[in-house]
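Chains A and B, in that order, are what the protein sequence lines are.
Using our numbering, the letters of the first sequence map in sequence onto residues 16 to 301.
Using our numbering, the letters of the second sequence map in sequence onto residues 133 to 408.
In case anyone wonders, no lab produced these hints; they're calculated from the structure.
Check the hints yourself; a few may be wrong.
Once the Cα atoms are required to be at most 35 Å apart in a straight line, the calculated DSBU-like pairs of lysine-lysine come out as [stated by the list, open to error]: (1) A:K153 - B:K292; (2) A:K168 - B:K306; (3) A:K95 - A:K150; (4) B:K334 - A:K170; (5) B:K306 - A:K246; (6) B:K292 - A:K98.
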Amino acid sequence: MKNIVWLASYPKSGNTWFRMFLANYQKKSKNPLSFEEIESATISSNAVNFEDEIGLNPFELYQDEVDLYRPDMYHALSEKTEKEGIISYKKTHDAYTKNGEGVPLFPENISKCAVYFVRNPLDVCVSYANHSAGKIEKTVEFLLNETSFLAGKKKGQLRQILMSWKNHVQSWKNQSEITVHFVRYEDMLKKPLETFGEIVRFLGLEYDEGLIKKAIINSDFKTLQHMEQEKGFKEKMQKCEHFFWKGKIGNYREYLSEEQIQQIVTYNYDTMKEFGYINNEGKLTV
Amino acid sequence: MNFSILSDTINVKYEGNKIESSDSYIYTRPHFKIKEDDFFLDIKNVARYRVQGGQTILVDPYENTDKESVKLFLEGSALGALLHQRGILPFHSSSFLYKDKGIMVCGDSGAGKSSLTAAFFQQGASFINDDITPVSISDPEITIIPVKTQMKLWDDSLNKLNIGSNNLLRIRPKLNKFYLPMDKNISEHRLDQIFILSIHNKDEFMAIELKGIDKYNVLRNQIYRKVYLRGMPEIQKKYFKQLFLLAKNIPVIRVTRPNICEIDDTMRFIEKKIIL
Chain A
16 MKNIVWLASY
26 PKSGNTWFRM
36 FLANYQKKSK
46 NPLSFEEIES
56 ATISSNAVNF
66 EDEIGLNPFE
76 LYQDEVDLYR
86 PDMYHALSEK
96 TEKEGIISYK
106 KTHDAYTKNG
116 EGVPLFPENI
126 SKCAVYFVRN
136 PLDVCVSYAN
146 HSAGKIEKTV
156 EFLLNETSFL
166 AGKKKGQLRQ
176 ILMSWKNHVQ
186 SWKNQSEITV
196 HFVRYEDMLK
206 KPLETFGEIV
216 RFLGLEYDEG
226 LIKKAIINSD
236 FKTLQHMEQE
246 KGFKEKMQKC
256 EHFFWKGKIG
266 NYREYLSEEQ
276 IQQIVTYNYD
286 TMKEFGYINN
296 EGKLTV
Chain B
133 MNFSILSDTI
143 NVKYEGNKIE
153 SSDSYIYTRP
163 HFKIKEDDFF
173 LDIKNVARYR
183 VQGGQTILVD
193 PYENTDKESV
203 KLFLEGSALG
213 ALLHQRGILP
223 FHSSSFLYKD
233 KGIMVCGDSG
243 AGKSSLTAAF
253 FQQGASFIND
263 DITPVSISDP
273 EITIIPVKTQ
283 MKLWDDSLNK
293 LNIGSNNLLR
303 IRPKLNKFYL
313 PMDKNISEHR
323 LDQIFILSIH
333 NKDEFMAIEL
343 KGIDKYNVLR
353 NQIYRKVYLR
363 GMPEIQKKYF
373 KQLFLLAKNI
383 PVIRVTRPNI
393 CEIDDTMRFI
403 EKKIIL
């Protein structure tokens with residue numbers, strides 16, 4: 016049954032923000048819901064889910080071996096929720112890839128669709144450097160490296176192959192197995208009603224403008240920041256001070272050198288242009 | 133060959149020919165099939181295992197595999213299936229004897245069970261089990277059963293415990309996780325206390341004693357390879373009663389530690405919670 020929706024993105028691109036919106040929208044909540052509401056809709060690379068369903072310790076498998084079992088992990092999760100008749104929303108930072116047997120990690124026959132959140136890689140870079148408490152120059156390299164991946168070492172989450180920023184985006188764009196709706200982080204911020212409304216329609220959820228407005232307010236960045244200060248957020252890394260840091264458009268100008276900006280732009284030029292971060296004159300739009 | 137991992141001897145046969153799985157399994161996935169007394173597991177590029185009647189394990193290694201990997205899954209998932217077939221509740225936990233108290237530390241892979249147990253060992257505790265702890269439960273006796281497997285530790289944990297890895301065997305050729313030989317002369321011992329170890333992204337340690345249905349559910353969640361029980365309804369019924377007795381008789385404390393912390397700090401925190 017096609018009952019899994021993938022909420023896919025490169026890290027720090029609005030995925031968690033959208034999950035908070037969705038939780039508020041689906042529960043028709045009057046007041047902002049707590050982070051616990053989205054913690055049950057776990058990330059697709061959750062190692063506990065893997066061990067529970069596959070019956071193997073993922074950290075005693077080689078990571079390429081783990082990928083051989085991941086499609087079945089999602090089949091098992093789909094079967095479980097099929098009985099409950101619900102749609103599961105799974106956050107993922109994985110690029111769209113195939114395992115060593117040529118099987119896509121995200122099986123077509125259980126995937127309802129995907130929403131892909133894309134954000135200006137220049138802002139992603141500074142936000143990710145803050146998130147991982149890393150140095151900017153290392154993060155620039157990370158965004159441009161075709162072999163970049165997250166986790167998959169000794170504990171925590173399963174390995175997630177990211178590749179470079181541009182090929183992360185393109186991997187989801189170039190596949191034809193799962194229908195994907197692309198959303199720009201900047202549009203979520205600048206024209207929220209229209210952008211969130213389009214996602215609601217794409218997901219086939221009942222469209223209620225009043226509820227969308229309310230859910231946008233309940234998942235407002237300042238609200239999420241405040242909630243994190245009050246109670247903390249599980250997905251924050253221990254060394255990082257705030258998961259919800261600034262969320263601004265064009266924040267990179269305060270942190271990246273001209274040389275770093277050029278490095279990112281040159282490497283990702285076509286994809287940045289495709290998503291409107293570079294205009295027809297070849298100039299940065301933000 | 134005989135496999136002396138429990139107090140009795142298990143018949144382990146290395147089959148030259150491919151092991152066939154039968155039909156009529158109750159729960160199947162592409163890589164494993166299970167019913168009450170028969171379990172089939174296919175670890176790609178390592179080996180196929182068939183566990184039958186709580187007595188026999190057939191092993192069929194893939195060509196070009198390595199013996200360390202074959203042993204790892206034999207002493208892990210295959211052993212887990214064998215214990216389930218015998219109706220001996222295996223927990224995903226390490227265990228040790230500290231000041232005459234039988235302690236079991238449960239938790240997800242990566243929670244730090246083995247490192248913690250090794251740290252207690254360095255403080256004079258007797259090591260019982262790593263990763264899998266079978267518990268025999270019959271009112272009023274609740275007993276930890278030692279299995280003859282070794283402790284497995286990552287290189288960074290060994291470093292933190294000031295143990296060199298030069299002479300240690302890797303659990304698999306390309307993993308920096310090693311078997312740590314430890315003295316193990318313990319026979320069955322009473323289980324006195326259970327800790328559930330988990331991780332959060334905050335800087336402080338937390339402890340809470342579990343009660344009621346929450347305690348039962350958390351304990352159930354710690355069963356080793358509980359996914360196999362989907363094909364073992366009779367055993368599942370038996371475990372229901374056993375878990376109830378366990379929850380009724382043994383104190384369970386959930387300890388949440390910082391993701392980044394010293395093993396010694398976790399050990400000291402838990403040491404204070406042990407009821408002596």
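Hint-by-hint comparison with the structure:
| no. | hint | verdict |
| --- | --- | --- |
| 1 | A:K153 - B:K292 | holds, 27 Å |
| 2 | A:K168 - B:K306 | holds, 12 Å |
| 3 | A:K95 - A:K150 | violated, 42 Å |
| 4 | B:K334 - A:K170 | holds, 17 Å |
| 5 | B:K306 - A:K246 | violated, 40 Å |
| 6 | B:K292 - A:K98 | violated, 46 Å |
Of the numbered hints given earlier, the model fails hints 3, 5, 6; all others are met.
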